[in-house]
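A.B. asks: So you can see what is in the structure, the chains are spelled out below.
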Amino acid sequence: MTVTVTFLDSSTVWFEIEAEVLSRVPLCGITWLQHNRVQRLLDSINISFVPYKPDMFPRAVPGTATPFAVHLYLVNCDDPDLYKTSVKKQLSDWLAVIGAKKNQEPLIVYLGAPDANRKQAPSRLFGGSVADRIKSDFAKTNMIHLKPSHPKDVSIWNEFFAKLRELILASFNGKLLQYDEDTRRLDAQRLLPGWNYCQFFILKDGAACTYEFLNVHGEALMQYDELEAAFFQNLQEQGAPWFQSFGGSETGDDSHDILNVSRKPYRDLILQNTISIFDFRIYLFARQIQLLIKSPNGVVEACVRAKKFITSFARTLQEYSVGLVPYFTESWVYTACMSVIRHCDENIAESNASATAIPTSELNAYEGVKAELLHYARMQLDILGSASDLFTSSIHKVKTEVNAMMEHSTGNDGSPEEKKFPRETVSNKELKDALETAEAFDSLYLSISNRAVKGFEASQRKRTALLVKGDIASLYFHRAQYSEASAIWEQITTQFGGKGWESMDEAVLEKLVICQKELGRFGPLVDACLRLLATDSVKDTEKYVDFINGAAHDLKAEKNANGPTFAEPRFLKVNAVKFVNRIGNEDAHALELQIDNYLSKALKVQKVTSILAGKESAGLTCNVDDVLLNPGSNIVRLWCEKVSLAGMYVVESVKLGVGHALLEYGFPKSGVRKRSFHVFEQAEAMLLSVKVLPSEVTMAPHLYRRGVTRLFQVELSNPMKPIQSASVSAIPITSAVIPTITTATIQIKDNQTQTVIRQEDTPVKDRQISIPAFSTNETVTFTLPLTLNDSDVDFVSVKFVIVFTTASGSSMDEGGKEGTLSKTLDISAVPPLKISHTLIPRGSGILLQVLVVGGSSVPLRIDGVRLHGLKGFKVLDYSQWGDSLVFEGQTHSLVYLLEHSDSAFPRHGQKAKVVIKYHSTVDGEFL
Amino acid sequence: KHLNQFIAHSALDIVDEAMWGTNQMYLKVVDRFNDHHVSAYVTPSGAKFMLIHEASTGDVRSFFTDLHELYVKVMMNPFSEVNGAIDSHQFDVKVRGIARKYLSG
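Chains as they are written, first to last, in my numbering: chain G, 155 to 1081; chain F, 7 to 111.
If you are wondering where the hints come from, they were derived from the structure by calculation, not from laboratory data.
There could be a bad hint or two in this list.
Over the 12 Å line for every Cβ pair with chain F, so calculated as not near, a few chain G residues [said to hold, decoys possible]:
| no. | residue |
| --- | --- |
| 1 | S164 |
| 2 | K243 |
| 3 | E335 |
| 4 | Q343 |
| 5 | E391 |
| 6 | G452 |
| 7 | M492 |
| 8 | A519 |
| 9 | K608 |
| 10 | E656 |
| 11 | E664 |
| 12 | L847 |
| 13 | T909 |
| 14 | T1045 |
Per the computed footprint, the stretches of chain F lying under chain G, defined by three or more beta-carbons under 8 Å from a beta-carbon of chain G, are [what the hints assert, rightly or not]:
| no. | region |
| --- | --- |
| 15 | 15 to 21 |
| 16 | 35 to 47 |
Quick caveat, the model's predicted, so the values are computed rather than measured.
C-beta atoms are modelled at their ideal positions from N, C-alpha and C, and glycine is treated no differently.
From just these sequences and the hints, can you work out the full model?
C.D. replies: Now the structure itself:
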């Protein structure tokens, strides 16, 4: 705002000085000492200079603020005669007009000629110069005599402006003092009958405007704040008798820029006591916001106040809605929000354009409050859209009573049946257009919502931003644009899902499920359904379970990326029940889980996996495919992989695969649930042991093969269950052959007594040896020949495959189960004794040393040793060896002293045979 | 009902902002949504109480103060978890009690 200074130019001086004067306004950095106040610094005062006209002053309305402060009379006449004849008269006329005004300061400015010229001016006898004469003629009037020392002297302007400043402040001080006194007087009479708030308002309003001229916005705002407080106080105490009506019934009331104070002659209406409450509130609000926007960093405060005012006044409008056109409130709120935002944006743009940029933090805060207003405006669109049958927001259900009220108010028009559409009653053009067609509505809705989202995000209000995004999504949803809607809702659910805002999650997920279903995206559908089921309060669980089961079925075809993992959804409860250590190496161990399904429908689970952890980072995975979890308790058996390390295992987690998604149930380290189990090494159906008997066998000549044939003994013992029948086949893997045999002799021994119970010959078919029935405490023994290709081989690998059928053992076990035990054994094939010899000549005879090394794991008892086959030699002496034991690796040397006795036989090249008779100590068998 | 959660949830943003601007625990009305007002109270431990109410609802401050006391009592239970859901029936009854006492309607 600018302060107006008038000038009356008696002798065309203004033309000369205009440039000099205007270059020095606005005045900056002025200290202002107001009456009874602390001194303050004014940023700047704008001054506009206008030529004086006697009729330029408006009709004095009490309380109206005036920009006029100082009136200049410019004179530079130095001719006393001229002064006497014309100037003096003009001056006194001017003073008569100005002097009559209150708090207006006249100032006579005498512009002296530069010093250089002055000397030539003749000194008068009577009364001196014109300046002196003015001084004496108008002694009570302020006068300033500017005496430039040379034509370009600028120092005179400092003097001039100092005086001008002083007078302006004096004028305003006077005015404000007057207002102060008047308002105080009126305020004191507040409770007297006949007191009128409007008069009070006008005075305060005037004071505020006066402050505004000096750019003291804070002070001006305070006046309005006081007025607002007074308004509410009076409203409470006395009602509002001085307002004619509620108002708001004029056309365009809902669509004009509420910050435009010149739209209606508000002040005149107030003065005449004919203003309506509606107009009054708007005027008051508009003035406050105007001042706030102007004050430094006031935009945020302006928006905050605007939101507060608009919400509260919207409620008032609702109360008076009977007298208003339908949907007036919504339209008004929308318009008000948008116009406040527009003004604030303009202000921001201006400050950015000028040097005074607004700090970022302030801008962010502004974005936040602006977004709030946008959101509020957008919510009006929700209401209007639903009333126009264009859009029914699913998240923000428009309250039914609002609509009911609307219908009621239309009913007053005499057409109760005919429902009026908002577009017929709303006068805001933007809204009218938007409500015509769905496309226009959508574009407005989306543009405002997106602006709001941007604002909320800029100000770090992520939750609210997502809320608004949810609104956008529900518009898309309403328009059946499911992919757009689902994209937004997926974002919302991933960010906010599962944090306890259950009804909110539910509202979003229900829609998301429908979207995904429509789009045929099974993975996300399962995901959404599971999330939905995970909320506690969901209804229609059957429907969603059906979706999951159906989608999971379709999903089987496309096995791609991993889905999300859900931690412990509450619709299932998983407990480990027991661990079944199984026998036979065909059936795996099993982990039994109890899964309680709290849903009302059976849920298909594609895969159940459980991970068990043992000692020394040994792990065990159990899993099972395709489980149907019926409502209630289910026992699910998971098959275990091969156990490599026996011991205690702890169930760590159970994962249920539904579609792509995984439901994970962890087992806490501490807790009451049973979770640790003793896991045995995969127990075999029976014990199988094989050993090679220490003797060699001479096979029938037709069976003879190169190499050494040994007998090996196969022992089957300790079956887990009684065996009804079994067949054994042995397949040598390395460098050995099993000769074909037709019968095998099976011995069955009792384990306790070690006595042979039965002995029978069984036929061998296709190299499979049939074994008769035997019970758990019996041992089956039979022997098989094995031909070693190479007698030096230490080990032979033989694979045994035993196919067995169990007999019924107890009442629980029906028996008849088939099992297979396959095992590859390394059989030690070291010969029982290794023999080598050396010959040492001794005198006429020879010493024959035979070195015997024990090779059998079973100690061998030596029964006797005989040397024969040497002809023409006589054994003179030999070491006795008999009835002693040879252990594995033990070396014994036999020494024979031989003498060549019969020369008929050659001395060399004879072969001798050492026969050692021995028997195994364990078998007790003589071989 | 879900609307209330939406309101309270989005008001959390404002609470997050407002809680640093004051040393009071009671933050008064932080947000308005149509006819709903959202009042908030932040305990020194950072727990946030949110109350959605209508414009004039009695003594919200005292309600929050008493609620805080109840909350502290719940937290003193060695079995209760910080940031865990409070499923105490007794707590529920008491909260309803103080709501009747301070909040009209």
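A.B. asks: Each hint needs a verdict: does it hold in this structure or not?
C.D. replies: Tested hints:
1. S164: Holds, since 61 Å exceeds 12 Å.
2. K243: 67 Å, holds
3. E335: Given a closest Cβ separation of 37 Å, the condition holds.
4. Q343: Consistent with the label, G:Q343 stays out of reach of chain F, its closest Cβ about 31 Å off (over 12 Å).
5. E391: Per Cβ check, G:E391 is outside 12 Å of chain F; nearest 18 Å; holds.
6. G452: 18 Å, holds
7. M492: Since the minimum Cβ distance to chain F is about 18 Å, G:M492 lies beyond 12 Å and the statement holds.
8. A519: 8 Å, violated
9. K608: Fine: 15 Å to the nearest Cβ keeps G:K608 off the interface.
10. E656: Violated, since 8 Å does not exceed 12 Å.
11. E664: The claim breaks: G:E664 does not keep its Cβ more than 12 Å from every Cβ of chain F (closest is about 10 Å).
12. L847: 70 Å, holds
13. T909: 66 Å, holds
14. T1045: About 76 Å separates G:T1045 from the closest Cβ of chain F, which puts it past 12 Å; holds.
15. 15 to 21: Answer holds; 5 residues pass the 8 Å Cβ test.
16. 35 to 47: This one holds; 3 residues, not fewer than the three required, reach chain G with a Cβ under 8 Å.
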